[in-house]
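Enquirer: Just so you know, the protein sequences line up as chains R and W, in that order. Note that the first sequence ends on residue 451 in the UniProt record's numbering; no numbers are left out. Note that the second sequence ends on residue 103 in the UniProt record's numbering; no numbers are left out.
Rather than coming from a laboratory, the hints here were simulated on the basis of the structure. A hint or two may mislead.
As a list, the in silico DSS-like pairs of lysine-lysine whose alpha-carbon atoms are at most 27 Å apart [stated by the list, open to error]:
hint	chain 1	residue 1	chain 2	residue 2
1	W	K35	R	K187
2	R	K441	R	K426
3	R	K187	W	K93
4	W	K93	W	K35
5	R	K426	R	K448
6	W	K50	W	K35
A few chain R positions that, by computed beta-carbon distances, are all more than 12 Å from chain W [what the hints assert, rightly or not]:
hint	residue
7	R192
8	E204
9	G210
Partial pick of chain W residues on the chain R-facing surface, computed with a CB cut under 10 Å [stated by the list, open to error]:
hint	residue
10	E11
11	Y20
12	K35
13	P37
14	N46
15	C48
16	P53
17	N55
18	Y69
19	C75
For each residue, glycine too, the CB sits at the ideal point set by N, CA and C.
So the chains spell out like this:
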Amino acid sequence: MTPELDTETRAAPNYDDQFDAIVVGAGLAGSAAALTMASRGLEVLIVERGSSPGAKNVFGGVLYTPTIRELTEFDDAPLERYVAERRFSMLSRDDETAVSLRPGEWHREPHNDSYTVLRGEFDEWFAEQAVEAGATLVTETTVTGLVRERGRIVGVETDRPDGTIRAPYVVLAEGGNSLVSEGANLKPTESRENVAVAVKEVLEFPDREGVIEDRFRLVDDAGVSYHYFGEGAVGDAFGGGFIYTNEETVSVGVAYRIEDAVAADQSPEETLNAFKTHPAVAPLVRDARTVEYSAKTIPEGGAESVPDLVHDGGVIVGDAAGLVLNNGVHLEGTNMAVESGYHAARAIARAADRGRTDAAALRAYPEALEQSFVVQNLERYAWLMDAVEADRDLLFEELPRAFADAGTEYFRMDRQPKEVHADDAKDVVLDALGGWTGAAKLALRYRKVVT
Amino acid sequence: MSADSPTQQIENDSLEDRLYTVRYDDPGDSHLDVKVPEVCAECETNDCVKVCPANVWREGEDGVPQIAYENCLECSSCRFACGYDNVVWEYPKTGGGMTFKHG
Ligand SMILES: Cc1cc2nc3c(=O)[nH]c(=O)nc-3n(C[C@H](O)[C@H](O)[C@H](O)COP(=O)(O)OP(=O)(O)OC[C@H]3O[C@@H](n4cnc5c(N)ncnc54)[C@H](O)[C@@H]3O)c2cc1C
Ligand code: SF4
Ligand code: SF4
Numbered sequence: 001m002t003p004e005l006d007t008e009t010r011a012a013p014n015y016d017d018q019f020d021a022i023v024v025g026a027g028l029a030g031s032a033a034a035l036t037m038a039s040r041g042l043e044v045l046i047v048e049r050g051s052s053p054g055a056k057n058v059f060g061g062v063l064y065t066p067t068i069r070e071l072t073e074f075d076d077a078p079l080e081r082y083v084a085e086r087r088f089s090m091l092s093r094d095d096e097t098a099v100s101l102r103p104g105e106w107h108r109e110p111h112n113d114s115y116t117v118l119r120g121e122f123d124e125w126f127a128e129q130a131v132e133a134g135a136t137l138v139t140e141t142t143v144t145g146l147v148r149e150r151g152r153i154v155g156v157e158t159d160r161p162d163g164t165i166r167a168p169y170v171v172l173a174e175g176g177n178s179l180v181s182e183g184a185n186l187k188p189t190e191s192r193e194n195v196a197v198a199v200k201e202v203l204e205f206p207d208r209e210g211v212i213e214d215r216f217r218l219v220d221d222a223g224v225s226y227h228y229f230g231e232g233a234v235g236d237a238f239g240g241g242f243i244y245t246n247e248e249t250v251s252v253g254v255a256y257r258i259e260d261a262v263a264a265d266q267s268p269e270e271t272l273n274a275f276k277t278h279p280a281v282a283p284l285v286r287d288a289r290t291v292e293y294s295a296k297t298i299p300e301g302g303a304e305s306v307p308d309l310v311h312d313g314g315v316i317v318g319d320a321a322g323l324v325l326n327n328g329v330h331l332e333g334t335n336m337a338v339e340s341g342y343h344a345a346r347a348i349a350r351a352a353d354r355g356r357t358d359a360a361a362l363r364a365y366p367e368a369l370e371q372s373f374v375v376q377n378l379e380r381y382a383w384l385m386d387a388v389e390a391d392r393d394l395l396f397e398e399l400p401r402a403f404a405d406a407g408t409e410y411f412r413m414d415r416q417p418k419e420v421h422a423d424d425a426k427d428v429v430l431d432a433l434g435g436w437t438g439a440a441k442l443a444l445r446y447r448k449v450v451t
Numbered sequence: 001m002s003a004d005s006p007t008q009q010i011e012n013d014s015l016e017d018r019l020y021t022v023r024y025d026d027p028g029d030s031h032l033d034v035k036v037p038e039v040c041a042e043c044e045t046n047d048c049v050k051v052c053p054a055n056v057w058r059e060g061e062d063g064v065p066q067i068a069y070e071n072c073l074e075c076s077s078c079r080f081a082c083g084y085d086n087v088v089w090e091y092p093k094t095g096g097g098m099t100f101k102h103g
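Between the sequences and the hints, there should be enough to build the whole structure, so can you do that?
Expert: Here it is, written out as structure tokens:
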């Protein structure tokens, strides 16, 4: 038995001395961390399992770029379109009721820092920025576990021959399917109520010049982000559908809780088909060729699911740390991934200056994150998932139908005066809400989403 | 509202055609398995089958699912879906498995 020594006097762990830090995964969080550390003079190794960064990755999606813009020569980034319109749409079985936002400001730089991208191209570019800053990237290599000495993380095991690599700091940026973090008992496996299954298609419109601009009312590199809720999007599941415009293609998909997917009478693929066939959606996606079909999970446990972010010799960032905001109105993970990678990297650089690797020396990372929009937003909306869960039938089925019916009543063209139609419309909605008291309670419950 | 508002014909590709859009490098053996076959034999929900967007998991005759691992899109849903924590889920070796071109 060796006597317990305290951290400072214990013999230094055996590192290979080639790298200061190893980053597991070249996604958004990993490349942000690697780029930030390399720019501060650390020797960084990024280990990515795909044949190139992005090769295994998929999202909706809209990339939110306030931090990436700061970290890179952003003008060179492979962006598809900037988001000029956001549309939120409630679908009942064959009705649509929608709200659309097209602020003039979004047409001007920096376009509200919201751009559609395709991850294959974007992640590869972003990792290249880290390499240009001095980081080393290895691909087609999977991290299979952590190397630990007396509890401290001192390196990673990979599936390469002689694949053990040691370094003082390990950044776990492995995404939501966090096998390494879970295998090392740094976090539990998320329960299926807190994980969504998502399926997506990328569609192309052969020989139809200008079809995307025409269907979505776009000029130049303007694009749209459409979100759909309700029965017509994902049945009675908790989740939604989406359409995003890329430069030459359209992304369409659905995402909903696995808990609901296993209870549903249709597979995720069939849910996607049904969504695409909805009368309000079909005209936007018809006559297309599927150039890619993909699937992935989204961790959506919110603030309560975020594990301890720092350990002796290691940090967890991005989706691996559950840093995704998905509350219906917002689906944001890209900005949180980048922000967390950036703050973790800064904390590591400062700890390295002081020759420290212990968790206490890395606490600057969770502290910075708590001060940032990441934790503030997650906590702000923590209550929402529970509220929505309690009201799900009302929100996803009864209300969409009531709004559509109310709209139909309100605009009804017959020989009755408008007042009668307005009253009928009001009645339909109030019926669904349980009268004025029900409406007032509901408004009170959800006011924080928009205020 | 009327149940028969005009729907535009949407030609959805078959799952087979959809999976053809994704490049696949066979790592040689399955990265998926079940931990204890008897648990599957007892399991009546088959949530792995229901959640899978790529028809990898299929109901087997003895109640233990068949696994067509080469269809796998590596989404990880089955791992979370199984209520008995009975799915063995590893990454395909050295970068094998599927590659998305677009993402
Ligand atoms: C369908 C869908 C739609 C979404 N839409 C949006 C959206 O519109 N806007 C938005 O902001 N967010 C969206 N998100 C969320 C967003 O995509 C994620 O939050 C973000 O990608 C997280 O980045 P990350 O770097 O943490 O993880 P990832 O992007 O998942 O990157 C993890 C990386 O690690 C690699 N890796 C994993 N394990 C290992 C290992 N053991 N060894 C080596 N490499 C490994 C992976 O190959 C991958 O490159 C969406 C997600 C999904 C699934
Ligand atoms: S859900 Fe789990 S236990 Fe049931 S058949 Fe699938 S893998 Fe086996
Ligand atoms: S990871 Fe996804 S695609 Fe692969 S078997 Fe599991 S559910 Fe199916």
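Enquirer: Check each numbered hint against the structure and report the violated ones by number, ascending.
Expert: 7, 8, 12, 13, 18
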